Structure formats: C-alpha cells, structure tokens
Amino acid sequence: MKTYLTPKFLVQRDPERCIQCQVCVNQCTFDTHYYDVEDDEVRSHDENCIGCLRCVLFCPTRALTIRQNHLDYRDNYNWRPEVIEDIVKQAETGGVLLTGMGNDKGQRIYWDHLVLNASQVTNPSIDPLREPMELTTYLGRKPDRIELDSESSTLKTELAPQVSLEVPVMFAAMSYGAVSLNVHESLARAATEMGTLWNTGEGGLHSKLYKYGNNTIVQVASGRFGVHAEYLDVARVIEIKIGQGAKPGIGGHLPGEKVSSEVSLTRMIPQGTDALSPAPQHDIYSIEDLAQLIYALKEATNYSKPISVKIAAVHNSAAIASGMVRAGADIIVLDGLRGSTGAAPKIIRDNVGIPIEMALASVDSRLRQEGIRNQASVVVSGGIRNSGDVAKAIALGADAVYIGTAALIALGCHVCQQCHTGKCAWGICTTDLRLTKRVNPDIGARRLTNLLRGWSIELKDILGGLGVNALESLRGNRLHLRGVGLTDTELDILGVRMAGS
Amino acid sequence: MKDIKHVNNPYNDDKVIDACSIFGAMDASGKRFSGDGVIRAIVNMHDRGNGLGGGFAIYGLYPDYADLYALHVMYLSPEGKQETEALLKANFNIIEKEEVPTRQTPMIANPPLVWRYFLEVDHRKPEQESEDDYVVDRVMTINTGLRDSFVFSSGKDMAVFKGVGYPEEIADYFCLEQYEGYLWTAHGRFPTNTPGWWGGAHPFCILDWTVVHNGEISSYGINQRYLGQFGYHCTMQTDTEVVAYAVDLLMRKHNLPIEIVAKILAPPFWSDIERMSPEEQKLMLTLRQVYASLLLNGPFTVIIAHHGEMIGLTDRIRLRPLTVGEKGSMLYLSSEESAIRLICPELDKTWIPVGGEPVVGTLRAPTQPQPVAAGEKV
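Sequences listed follow chains V and U, in order.
Per the working numbering, the first sequence runs over residues 620 to 1120.
Per the working numbering, the second sequence runs over residues 14 to 391.
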C-alpha cells in the first residue's frame, strides 16, 4: 500500500563539510543514513528519520542539519496535521497507535501559572552560601504526636520506618527491559551519591545492582516480574504500582525482542517472550485487597521498610488517596497527565488522567481535612522539568518528587518519543547490546549527579529567598505561591491566591 | 459568624505583618512588684513600635480572686456587651464584674469599653469537658460569634491590658501604676498592614497563656494548615496566634515540656543532630520528623508566659534580638539590653541566648540554660 505520509524530518547534509566518514550511518538506528558504495557517498532516507538528533551531535564535521518537514495542509483548527496523519497511519496499519514518552499536548501546565514568593524588608532573605539551608526530607508514616516517658522524659514513641532524602528528588520507575542495565546502574549510582532513591520499575532488579539496595525502591506491579524474597529484602522502599500517568487503566507490554537473556533472568520469564503486565493487579479489585497486599509486603519484610503505592492521577484521586492511606500505604505516589512511558497507546496517553498539580493540591487538602496527611508521605511525578517545578510541587503539599524524563534527558535522551520501538539511538530505552553501551554508567552517573546537585543548589536559593532555612517550612505552604492567569475555580482547587491579592 | 480577620487584617493579606519591641520581667521568688520598671523599659524601646499597638500581661494580678477565671472583654458597642453578658450569665457564675478603670488621655482616640468578669465554672459544664476546655470554647464563641466583642484575656489571677497606641499610652490609659504582679510582659507594635485594632495588639492570650512576639514567621502558611488539622483556626491571621496555638497543642494537649517544645518550634540543624549522642539524636530526629510542620521558620523572638513560667525563644538562626538579664531572683527578657540596664543597671548576669535555645524562668528555680562562653557557638 502506498503511504500517504510524508517524512516528518528532512536531513540536510552539507557536501562541503561531509567527509563520507559514515559516523551518521553507524549512529542512526532507524536506517536513515546509508552509504552508497558505488557512488562513495553517504545519503539519507528522510522518511526514516524520527528526529533524535543523534547524527547531528556525532557528526565530526557538523555537516548535518535535521529540519522538521511540515506539510502545508489547508489551515484547519480541527483537522490539524497530527490528527490527519494519525488517521492515515491507522488506515494503513489498522492498529492502535503506539508512542513513547509523555503527553505532548497543550493541556495547561499549571507550574507555568504559579509563581513563588520572596522576602523583602519585613523579614530577611537568607543567603544559602553563608547560612545552613536544609533540604533533608523523611518519607514514611508519622504519628499524630509523640509520647515521652513521664519520669525519665525519654522517647516512648517508635516511628514506623522512615527513609531520608538529602534532596527531595527521586528517579522515577523505569523498568529494566524498557531501559538498559547501564541506565539502571547510572540511576542507582547517582541516587547513592546524592542521598536519594531510584526506582527499579516493574522489571525486577539485576543482581549486579543489589549493592545499591539502600537507595533503591523496588516495584511490585501487576506482572510481578522479578519479585522474590531477596528483591524485597535488598530494597529501601517497596512500591506497589497500581497505575501510571502516561496510561491510566492500561497494562504494559514489553515486546519479546527486548527480553534478552539478562532481562529474562531478572524478570524471571523465558527469553524472547513478551512480558505482559495486566491492566489491573489481579489480586486487587478493591481497596481492601490493596490493604492485604500492603500488609503482605510489610509482613514479608518484617515491617522494616515503608510501602509505597503509586497511582495515576485521575478524577477521584483525593478519595482514592485517602483510601490508600487508610489501607496502610506509607507513601502515596501520584503520577500525572504528563507522566512518561516506554510505550503507551497514544490515545490513552494524550486523553486520560488529570494534571498532576490539580491532583496534588486536592489530595493534600483532602488528607489534611481528614486529619491523616501525616500518616503518609506524598510524592508526585509526571512532567517535573526543573527545580522551580520541584519547589512549587512542595509548596502545594508534596513531600518529594520523582523525575523520569528529566533524568533520561540528563543521560542523552532528546525526547524523540520512539521509546516503544526499542531502537533508541541514545542507547537508553533499548536492550540491544550494541546500543546500550552508548550509555556509560560512569558518565551517566556523573551527569545525573550534576543535575541533582544543580537543582539542590537552586532549591536552597529559592528557600533562602523565601526567608526559610528548611524545606519543611515550604512544604504545603501555599501562601508562598500565587497564581497568574488562572480562573477562580482553578485557584480554588490549587488553594492558591491570585498574584497581587 | 463574624470574621475577625476582616477587622484585624482588613486588606486580606496572607497574614498580619508586624515587628515589635518585647520585654518581660519575672520575680522567681513570686514577690509581686509594680509595673513602673517594665513600663519605663518598654518606653525606652519606643522607636521599635509605631503607635499602632501596645500591651501588657500581668500574672499574680488578682490574688483575691485567684481561683476564678478573670475575663477581660472589649466591647465596641452596647449591644455587644449585652450579648456577651447574656452568654456569660448563661454559662458561668459571675462572681464579680466591673468596668476596667481607665483615665482619659489625649493620645488614645476612640477607646472601646473594657470590662472584667470574675467567673466560676459551675455544674452547667458537661462532665467530660475540662474547665479549661469549657472556657476556651466560650471564649472562641465570643470572639468568633458575637458582634463587637473580643476577649482580651481569660486566665486565672492574670490579665492582659492592650490597645492601639504606644505602650506608655496604653499603660497610662489603663492606670497600670495601680497593679502589681510577679510576672509582667510588655509589647510595642509596628504593624505594616493593619490600621491597628485593639484586639490585634499583643499580648495574645488564651487561658493563662500569653505570647508577645516580634517577627514574621515565613512558615506561617504550613503552620496554620497543620494546626487546622487539630481544630485550631487562626481567625486573626497573625503569627502570634500560631505560636500560642502551637504551644497550647504541644504543652497542654501533648504534655510535652517546654524544653522539648522549644526543640520543635526551633529545632537543631540536621548537621547538629548528627553530632549528638545516639539517644538524643533519636529524640531530635523523631521530633523533626513528626512535628516538621510546626517548625517556626523566619525571624522571630517570643516571650511566652503562663503561671509560674516565662519563656524566651528565638528562631534557630536568631534573626530577631533577645537579651537576657538576671539580678537576684529577677529575670529580664528584652529586645534590647539597654531597656534592662535602664531599670536594673547592675545585673548579675546578662547574655544573648543561642538561636533556638529557650530561656526558661520558673518560680523559685534557676534559669536554664546557662550562657555559653563567647565564641563557642552563636
């Protein structure tokens, strides 16, 4: 069938600069560049280019430019090029449109409509270069109060397990199989160095990384891949994954091509078989079932580590979160509309779920109204881009955030949205050993560490400007936020006042 | 329900912002003394206020009625007085009532009517409710429910005198020279976003707890949200209210001693906690984990008092001043040392406490903690 699609990108090669070295041929995983032996010339199949920019960055003579190739359809606000092209693709394939990364649509990004406060005159700002500035955060269940022994004044209260974070930014769940072992190692080492946590995702934990267990969150998801006693034992936190912001209500499918021998060992499934994660956890059809799994995991680990439960942010998040806390979750994770993924049906990714800012604000408020906010930590994820977003999330009420896409960008990802193809030219979202070596864990860990270090310095600057010297004084402190360009209803849900008021 | 915040915070800012002079004097032997020195001391810090608020708390004030709740109530209209008195009559035995004596002074314009009532809690109180909680409930009802009425103070054997004006004008207006007490605190106010309202002046009082406060608590937003979970509603939108409710929650309801409370409001840094003994480390870690939302962050100095105790505390990096002086059984706390020296030039001891370290004066007990050597840690 002749395709009615045109190439998304055009490859422009400057003949003056090109030396026919074929680096682009070797770097491209989508067969865009090829070498014509007869003509002794490197050429391109534009239609294969997905815009990952790998060749541009690696061309030694800077001979390459990749340009978007917009077809000039007649203007139509409803029938935009993307809409038309999706229909064409489905007419030609008859399938579900798959995509990678997070929602790229124009739903309002509330972070961009929130601004932070600073101290002027009536209270002093604090200089983090000269004064202590504290970012330490403890995740876990806290009691309403402490009790002291009346005679000796010693502490009678024993807290549930707590986990300390030196920077309130953790690496989000990305499973081995979806991403490579080198990516996992980079995340694990950076988390360890920065005193934070990384998350295995639902594909198990390679035994080589057990030594980073103290900074590892292991996931128990609907496919139960790689879940065994040692896996639970080495972890610092266990996370039950109910849903994911990129595809609420949808399961996962790791194609057999990505199930290499190492992935097979770690996931405990035969090599080359598809790894299917059912949409629900088939032992959780209700909130009381969740309580059973939470306590099964607590029993299995002798109540030694917090149990986290992750859901996609959906319409009833506040009520669901309240139930999760009452079911025994020590940490609840909300993954918003912009949460990313290795593969999701495009229609789900772009249309299901709610913005994380709204979910966070309503969950934090609801838990406070019910007087149970201290019983669980709240972690949010899905589209957190910089330390400004982190500060705003914390002011809205989050204890910490997860970053996924931002971490991958630090490793080289150029957000080309081809994660589902397994052909990631940056060697991140693939298990092809020829490609995975493109991420060097030594360098990867350094890039991630640098990112977190930069953000933590920025967070300290923000705190100091607000006139506080501990992160807990910003947490849930919505008076330090103001809204710009938001409606009364939006401000009301966010619990934030309009700028100028 | 009336909304005090519209009176106290007319522009609906996040909260009332003000700065101040504060002073406290206590005779640990329990001997009562006149306020003459305290008034001279606070006058010496005249420039720290702007005439939009001054006030005094006096303990050991009504020895003849020591077992009765002394309610000082401000009225802005005769109807307010009628409503409040009806409520008091319906809920208490009124043993004694009178208008608080005042004198006309040129600087005090449009003063409200202030009356005091000596009340006994009787059988009308539900059995399961404590007397204190019963009184608190009624005070909250008056303050938030009845028009043109506001309770200045509600403790036994103590009272608060406050209003709009410089502290010396308030002292003159309320004829404070005629009173004696074993513990006095005083406040001169510099609000920036309120035109000044008599109820909004310091000291802030609930039962016999009073707070005078200098500072702006930048963590106010989370502090008040946290207290809201425990049923405290910051109706006046002031930092001082947050301090008072936090202390009430921690000391009266959670039974924690002041030394622990100080470590919640102004906790040691994580890096300091790391260097503590394992037992102390565990306690401090737990306090910070459990009560993270009660950390008072940003500049503040407070003098908190209740019967038998006066406590001075600054934020943990001491962004607002506090000086301590001791002479015999007298303990002085002040924004400025000069104010103490003015009324007691020859002090036995004077020092500036380390940020976050409480100074606690207790009846017939020495002051804790002792001053640290200069340069040790500031």
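Derived by calculation from the structure, the hints in this document are not laboratory data.
Here the structure is a predicted model, which is why all the values come from computation and not from measurement.
Mixed in with the good hints there might be a few duds.
As the list claims (entries may be wrong) - With a straight-line cut-off of 16 Å between C-alpha atoms, the simulated EDC-like cross-links for lysine to aspartate or glutamate are: (1) K94(U) to E111(U); (2) K295(U) to D768(V); (3) K266(U) to E766(V); (4) K295(U) to E766(V); (5) K1042(V) to D650(V); (6) K295(U) to E777(V); (7) K266(U) to D763(V); (8) K276(U) to D650(V); (9) K340(U) to D361(U); (10) K775(V) to D361(U); (11) K965(V) to D723(V).
As the list claims (entries may be wrong) - From chain U, some residues computed to sit far from chain V (all C-beta separations above 12 Å): (12) S42; (13) G50; (14) P76; (15) N236; (16) K266; (17) L269; (18) R301.
Virtual Cβ for every residue (Gly too), placed ideally from N, Cα, C.
* Is it the case that G50(U) keeps its Cβ farther than 12 Å from each residue Cβ in chain V? -> 30 Å, holds
* Satisfaction of hint between D650(V) and K276(U), Cα-Cα up to 16 Å -> Distance of about 64 Å is beyond 16 Å: violated.
* Asked: Going by Cβ atoms, does S42(U) stay more than 12 Å from chain V at every point?
  -> Label holds. Min Cβ-Cβ 27 Å, cutoff 12 Å.
* K295(U) and D768(V): Cα distance at most 16 Å? -> 14 Å, holds
* Would the pair K266(U) and D763(V) pass a check requiring their Cα atoms to be no farther apart than 16 Å? -> Satisfied, since the Cα-Cα distance of roughly 12 Å is no more than 16 Å.
* Can the restraint linking K94(U) and E111(U) be considered satisfied, given a maximum Cα separation of 16 Å? -> 12 Å, holds
* **chain V versus N236(U) - minimum CB to CB distance exceeding 12 Å, so not interface** => 8 Å, violated
* To do: Sort out whether D723(V) lies within 16 Å of K965(V), counting only the CA atoms.
  => 10 Å, holds
* To do: Find the nearest Cβ of chain V to the Cβ of P76(U) and say whether that gap is larger than 12 Å.
  => 31 Å, holds
* Would you check the hint for K295(U) and E766(V), treating anything up to 16 Å between C-alpha atoms as holding? => 13 Å, holds
* Asked: Do the alpha carbons of K295(U) and E777(V) lie within 16 Å of each other, as the hint requires?
  -> OK: K295(U) and E777(V) at ~10 Å, within 16 Å.
* **Assertion that K266(U) lies outside the chain V interface [Cβ separation over 12 Å]** => Violated, because the least Cβ-Cβ distance between K266(U) and chain V comes to about 8 Å, which does not exceed 12 Å.
Comparing the model with each numbered hint stated earlier shows that hints 8, 10, 15, 16, 17, 18 do not hold.
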